[in-house]
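Quick note: the sequence shown, position 65, residue 65 per our numbering, numbers continuous.
Hints are computed from structural coordinates only; laboratory data are not their basis. As the structure is a computational prediction, the values presented were derived from the model and not from experiment. None of the hints are false.
DSSO-like, lysine-lysine: derived pairs with alpha carbons at most 27 Å apart: (1) Lys320 <-> Lys107; (2) Lys42 <-> Lys397; (3) Lys320 <-> Lys42; (4) Lys107 <-> Lys42; (5) Lys42 <-> Lys395; (6) Lys395 <-> Lys320.
Label-pair ranges, simulated between beta-carbon atoms: (7) Arg183 <-> Ser114: 48 to 56 Å; (8) Phe93 <-> Val369: 55 to 63 Å; (9) Leu339 <-> Trp256: 27 to 35 Å; (10) Gly337 <-> Asn313: 47 to 55 Å.
Glycine included, every Cβ here is placed at the ideal spot set by N, Cα and C.
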Amino acid sequence: MRALLLVAAACSLLMALPARAADNYTFSFFNPLQAQQTNGYKTLDQFIAGLQDAASNQVFNFDLQLRGLGATLGTDGPTFLTLNIPSLGVNQFFSANTPDATFALLKAFLTQGSQAGAIARESARVSPFDPVAGNPTSLMARAVAFDFFTAFYPFASNITDDNALIAQAGGGIPQGAVRGPFRSLPGIGAMYGNFHDQGLKTQSFTLPLTMTFRSDLDPRRQFSISLPLTVVDVDGARAYQGTLSGALRLPLARDWAITTAVGYSQVRATELGSAGQIGSAAVTSAYVFRTGYGDLALGNMIGYYRTLAGTINGITTDSKIGDTVFRNGLLWSEKAGWLGNGLTIEYSLINTYYAGTALYNRNYTELGVSVGSNKRADSVRSYMQGGLAYLFSPKTKGLMANYAYWF
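Use the sequences and the hints to build the structure in full.
Here is the structure:
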């Protein structure tokens, strides 16, 4: 219990860290004094309104940054606009009877239709915190992380004694276990993430909800349903993420299991002019090497994650992003009576790599430590776990804290 209180205190400290100010959208121009002026905005609507106001004040040329995507905008008054995005070969003209209608056309071009899908795809390649894909805080990355967590951790960190191993065929019920039926295990928790890159900062809060059903013949054989819900703040702009996934674990040997998972994920980031939905399928192998000092587990996951066509809140989601993802990890688990009666401590090293559509951040690594109560697949008692992790890469850096309770 003392160790869990320390973890909770560390989580509170992370949440209190100050945020650095930055902007998701900017435009630059030369003012009447021929000095370059840059205006920054948190949301797309604020950005469009700022552009319209500047164009109404006889500003004719702008350099734009659209969440990392470079562009230019030329005007001949507020009702005649020309948008150029060199990396996509875009050179689009907009004109209507009023400034409001003209700039509404510009916003629609950025968020709706096939060209908006191409812009979203390019954003995942150049933006450090695109809400759909390309970075550790994106919808795709969270779906990957939860698939791996569901498949690997409950099996790999299942601390057992030699006389309490799950019975094999003809082996009988292990000491300290009970005969089925085994009740289902609902789970709830809280997760916090704090990441920074290129002067931008994002914070996320996740409520992971799970339900695990255990086989009466072998409680290691499990089917789980996960519904993590996340709110992400990207320097003042909100995004809302959710994933619904199902996973089936099949033990192939005493210390080896294979888990298959399928899922659907969605993000609504209207303030950033973005939205997305992802379909996924993954297979994970978990193998545990048991020693007299503790357990070393090896986890290997391969999955395919692809954006799905459609619209959310009027925003096109057909960005045609598809990646094969490899997530591999090591987990060392050992009993830690020195932290409190019945507790274990675990150390993890996890790497994630994306192959397929070009993304801003293809490769990142996490180092973690967690403390929790002992658990076994056949346990009839509730258990809890909390920990901290540091994520690093040549680009994004961040800290994560988590706490979960299964009852």
